[in-house]
Structure formats: C-alpha cells, structure tokens
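*Asks:* Protein chains in written order, with this note's numbering: chain A, 1 to 211; chain B, 212 to 439.
Honestly, the hints are just simulated from the structure, not real lab data.
Note that the coordinates shown come from a computational prediction; the quantities given were computed from them, not determined experimentally.
There could be a bad hint or two in this list.
What the hints assert, rightly or not - If you want a taste of the chain A side facing chain B, the calculated C-beta under 7 Å gives, among others:
#1 K33
#2 H34
#3 I68
#4 S130
#5 Y177
#6 N179
#7 G183
Claimed, not checked - In silico DSBU-like cross-links for lysine-lysine, where the CA-CA straight-line distance does not exceed 30 Å:
#8 A:K33 - B:K265
#9 B:K377 - B:K352
#10 B:K305 - A:K33
#11 B:K352 - A:K67
#12 B:K265 - A:K151
#13 B:K418 - A:K67
#14 B:K272 - A:K24
#15 A:K33 - B:K357
#16 B:K352 - B:K328
#17 B:K272 - A:K181
#18 A:K69 - B:K305
#19 B:K245 - A:K67
#20 B:K352 - A:K151
#21 B:K265 - B:K328
#22 B:K418 - A:K181
#23 A:K151 - B:K305
#24 B:K377 - B:K305
#25 B:K418 - A:K33
#26 B:K377 - A:K181
Every residue, glycine too, gets a C-beta built ideally from N, C-alpha and C.
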Amino acid sequence: MASQQHTLPPLPYAYDALEPVISKQIMELHHQKHHQTYVNNLNAALSSHVTATQANDVPSLIALQQKIKFNGGGHINHSLFWKNLTPQGTPGNDITSAAPSLGSAINSRWGSQKAFQEAFNATLLGIQGSGWGWLVSVGGPKGQLEIVTTKDQDPVASTDVPLFGVDMWEHAYYLQYLNNKAGYVQGIWSIINWAEAEKRYTAGIENPIKL
Amino acid sequence: MASILANSTRVAFRAGASASSKAGVAGLTFTRGKATLPDLSYDYGALEPSISGKIMELHHKNHHNTYVNSYNTAVEQLQEAQHKGDIAAQIALKPAINFHGGGHLNHTLFWENLAPKSAGGGEPPSGALAQAIDSTFGSLKDFQSKVNTALAGIQGSGWAWLVKDKQTGQISIRTYANQDPVVGQFEPLLGIDAWEHAYYLQYQNRKAEYFQAIWDVINWKTVEKRFQ
Chain A
1 MASQQHTLPP LPYAYDALEP VISKQIMELH HQKHHQTYVN NLNAALSSHV
51 TATQANDVPS LIALQQKIKF NGGGHINHSL FWKNLTPQGT PGNDITSAAP
101 SLGSAINSRW GSQKAFQEAF NATLLGIQGS GWGWLVSVGG PKGQLEIVTT
151 KDQDPVASTD VPLFGVDMWE HAYYLQYLNN KAGYVQGIWS IINWAEAEKR
201 YTAGIENPIK L
Chain B
212 MASILANSTR VAFRAGASAS SKAGVAGLTF TRGKATLPDL SYDYGALEPS
262 ISGKIMELHH KNHHNTYVNS YNTAVEQLQE AQHKGDIAAQ IALKPAINFH
312 GGGHLNHTLF WENLAPKSAG GGEPPSGALA QAIDSTFGSL KDFQSKVNTA
362 LAGIQGSGWA WLVKDKQTGQ ISIRTYANQD PVVGQFEPLL GIDAWEHAYY
412 LQYQNRKAEY FQAIWDVINW KTVEKRFQ
C-alpha cells in the first residue's frame with residue numbers, strides 16, 4: 001500500500017502579488033523551500049509510518065508521532081495561510097462586504113474591528129519563539145470567536161475552525177522587516193482574505209490537505 | 212519605597228551574578244542593578260564569512276538588546292509584585308523572566324564562545340576538554356556532526372548546547388526550546404543559536420550551511436575555561 005504523496009499546493013496568486021506587505025523573495029522562499037520541506041518530510045514520515053504499521057512496530061510508531069505533527073502541521077498551517085491572504089485591493093480584502101457574518105460576530109465579541117485587531121496584534125507580538133496566531137471559531141462553524149496561538153507548527157485544535165492564521169516564524173518576515181515584527185503584523189491586515197475567513201466561519205473547513 | 216526597590220534590585224542581581232559567574236558568563240554586566248547589553252570583544256564583521264556583519268549587528272544591537280530591556284522590565288514588575296506580596300503576579304511573570312532573562316544569558320554566552328579566525332576561532336580544543344570530547348563522542352568531527360544533527364532537528368526556535376552535568380561531570384549535547392536557558396543540573400559550555408534570525412539574512416532556508424560554517428568561528432578557549 002504505497003501511500004499517496006502530499007504535494008505542494010500552488011499559491012492562489014503570484015509571488016509578488018502581496019507586495020509591498022510581503023516581498024516576492026519571502027513568498028518564493030516561504031512557499032518553494034519552507035512549505036515544500038514540510039511536505040517532503042511529512043511524506044517521508046508517513047511512509048515510515050506505513051512500514052512501522054505493517055511491522056507492528058509500536059516504538060517506531062510512537063517515535064514518528066512528533067515528526068508527523070510537526071511536518072503535517074507545517075503543511076496544514078501554510079496551506080491555510082496562503083488561502084487566507086489576498087492581494088491588496090481584491091474583493092476579499094474588504095471586511096464589510098466580504099465578511100458580513102464574521103464582521104458582526106467580531107464586533108459583538110470585541111466591540112469593534114479596531115479593538116479586535118489590537119488584541120490580535122498583542123497576541124502575535126507576545127509569541128515567544130516560533131509559532132502562529134489564529135482567529136478560530138470554537139467547536140465548529142459559527143462558534144464563539146477566540147484568538148489563539150499555536151507553537152512551532154502545531155495546528156489549531158481539531159475541534160476548532162481556523163478562520164485565518166498569521167505565521168510568526170521569523171522566516172515569514174525577516175528578510176523584509178528584520179527585527180521589526182510589529183511592522184509585519186501591522187501590514188498583514190491589508191492582505192487578509194476576509195471572504196475566505198467568512199466562508200470558513202459559516203461553513204467550516206474540509207481537511208485542508210486532503211489528497 | 213524607591214530605595215527599598217533599589218536595594219532588593221542589587222541583592223537580586225548580586226545573587227544572579229555570582230550564580231552565573233560559576234557558569235562562566237564573564238560578560239554579564241549590570242549598571243545600577245539593571246542588566247545591560249555587553250560589548251562584543253570583536254567587530255561585527257569579524258566573523259565573516261561564517262556570519263555576516265549585518266547579522267551580527269542586528270543580532271547584538273537589536274535582538275539581544277530587546278531581551279535585556281524586556282528582562283529589566285519584567286524584573287521591575289516582579290519586584291513590584293514582591294513588594295506588594297502579590298504571589299499570583301509573581302508567578303505570572305515567570306515565563307517573561309525565563310524568556311527574556313534566558314535570551315540575555317544565552318546570547319551573552321554565545322558571543323563569548325565565538326571568535327574571529329584571526330583570534331583563534333575554529334582552532335580545535337586541547338587538554339581535558341579535548342579528551343572528554345573524544346571519549347564521549349569519538350572525535351571532534353563526530354561531535355560536530357552530532358551537534359549539527361541536533362541543531363537540524365530543532366522544531367521551531369531554539370539552541371543546541373554542549374553541557375556538563377554538575378553531578379557526574381559528564382558532557383552531553385542538549386537542545387533547548389526558544390530562549391530556555393541552561394540552568395539546573397547542567398552547565399552551559401558551548402551554545403549555538405538556531406533561531407532563524409541568527410542566520411536567515413545570509414543563509415535563508417539553508418540552515419545546514421550555517422551549522423557547518425559556524426565551526427570556523429568557535430572559540431574553544433572559552434569552552435575550555437567553562438569546562439574547568
């Protein structure tokens with residue numbers, strides 16, 4: 001049973017389409033190198049998992065769990081991330097028209113869009129080390145909204161729906177922003193894909209790396 | 212109240228400084244009870260081509276300095292919480308102290324265990340340390356390759372260290388997440404920073420090349436002193 005291989009999903013826009021917020025060079029490296037490496041390492045781990053399962057080799061299966069979590073998480077997180085971004089000035093960019101239900105849920109949860117963004121930014125800047133910040137809908141679509149962080153490449157809890165995520169690994173911004181991660185965090189709001197977030201909020205998400 | 216705070220600050224830092232001097236953090240400096248950014252003993256460009264001058268400058272002046280400032284802020288808040296007898300607030304500050312204090316300790320140790328080639332960087336260890344490395348890992352080359360494997364296996368931000376077990380005197384390779392410092396059972400001998408900011412401007416995703424190149428600027432004299 002040769003397992004089907006995961007592959008790198010194409011970006012839904014050009015590498016330079018998120019400029020000036022995220023440079024073409026960052027997007028190329030991030031997608032072609034970093035994301036690709038998670039995909040490759042996930043495939044390798046899953047293939048070892050098949051072998052270990054056939055051999056009923058439980059110690060090896062346990063040893064593989066962290067590799068699957070890290071690389072599978074990296075693949076899931078980046079797949080979600082590319083889709084929850086969109087170039088400035090595209091229709092998905094405008095929260096009012098693109099995300100009516102989510103927008104009003106945000107307003108009732110945080111008081112205003114601005115208060116939400118401030119809370120989200122503070123959470124992102126508080127991450128100690130590598131990780132992600134997410135807006136999630138708890139327990140499924142149209143659930144309570146929460147801002148959560150996940151460390152390294154941990155994915156969001158499987159019971160929750162990640163509406164959008166922001167990658168806070170240094171490789172996501174360093175070539176352009178250096179240690180000014182607040183500049184990156186500020187800029188990201190103008191490329192959030194609210195149409196995608198609204199879809200996830202109202203309908204949930206299928207397995208983001210479904211083969 | 213200001214004088215009470217200043218006093219307890221000095222005491223806290225004296226205790227910290229004497230505990231650390233055992234571990235050989237000669238460069239930790241304090242002004243009026245505040246942690247301060249230590250000077251490098253070499254120029255920013257002196258570690259080229261292993262580490263670019265631009266990386267060194269940002270890493271020292273911006274990243275390390277932020278840890279120093281944030282650590283000082285956290286310590287001030289801790290003292291205020293202690294003064295008020297607010298136990299919950301003191302506990303809540305623990306992650307910030309660990310992260311920023313760890314960042315300050317780790318970087319201070321790191322700068323000191325690096326040296327330009329012209330100042331002996333990369334020259335292999337000798338004496339008791341060389342023997343301990345050979346008997347523990349087989350050879351210096353085997354040791355380096357095991358450290359590089361450990362570095363490459365870090366999932367996220369962190370450090371790899373050669374450490375000495377305070378009870379047994381044995382040396383071993385350990386990795387630490389984020390800015391977790393080497394404290395407790397182990398003493399830090401040699402640290403390598405595997406955060407992306409330590410190499411990304413020069414090596415991007417090719418971190419294995421950075422891990423290879425850094426051996427040319429390791430200051431084994433410092434590591435020997437820490438080992439003794």
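*Asks:* Against chain B, run the beta carbon of N179 of chain A and see if the smallest gap drops under 7 Å.
*Replies:* holds (4 Å)
*Asks:* Please work out if K377 of chain B and K181 of chain A have their alpha carbons no farther apart than 30 Å.
*Replies:* violated (38 Å)
*Asks:* Between the alpha carbons of K352 of chain B and K328 of chain B, is the straight-line distance 30 Å or under?
*Replies:* holds (18 Å)
*Asks:* What's the verdict on K272 of chain B and K24 of chain A, does the C-alpha distance respect the 30 Å limit or exceed it?
*Replies:* Answer holds: K272 of chain B to K24 of chain A is near 27 Å, not above 30 Å.
*Asks:* Is K272 of chain B close enough to K181 of chain A, meaning Cα to Cα at most 30 Å?
*Replies:* holds (16 Å)
*Asks:* Does K305 of chain B lie within 30 Å of K377 of chain B when you go C-alpha to C-alpha?
*Replies:* Between K377 of chain B and K305 of chain B the Cα gap is close to 24 Å, so the pair holds against 30 Å.
*Asks:* Just to be careful: measuring from the Cβ of G183 of chain A to every Cβ in chain B, is the smallest value less than 7 Å?
*Replies:* violated (13 Å)
*Asks:* Holds or violated: K265 of chain B and K151 of chain A, Cα atoms, limit 30 Å.
*Replies:* holds (28 Å)
*Asks:* Would the pair K377 of chain B and K352 of chain B pass a check requiring their Cα atoms to be no farther apart than 30 Å?
*Replies:* Holds: K377 of chain B and K352 of chain B sit about 25 Å apart, inside 30 Å.
*Asks:* Can H34 of chain A be said to touch chain B, with a Cβ gap under 7 Å?
*Replies:* holds (6 Å)
*Asks:* Please work out if K245 of chain B and K67 of chain A have their alpha carbons no farther apart than 30 Å.
*Replies:* With Cα atoms ~42 Å apart, K245 of chain B and K67 of chain A exceed 30 Å; violated.
*Asks:* Sort out whether K265 of chain B lies within 30 Å of K33 of chain A, counting only the CA atoms.
*Replies:* With a Cα-Cα distance of about 23 Å, the restraint between K33 of chain A and K265 of chain B holds, given a limit of 30 Å.
When each numbered hint is compared with the structure, violations occur for hints 3, 5, 7, 10, 19, 20 and 26.
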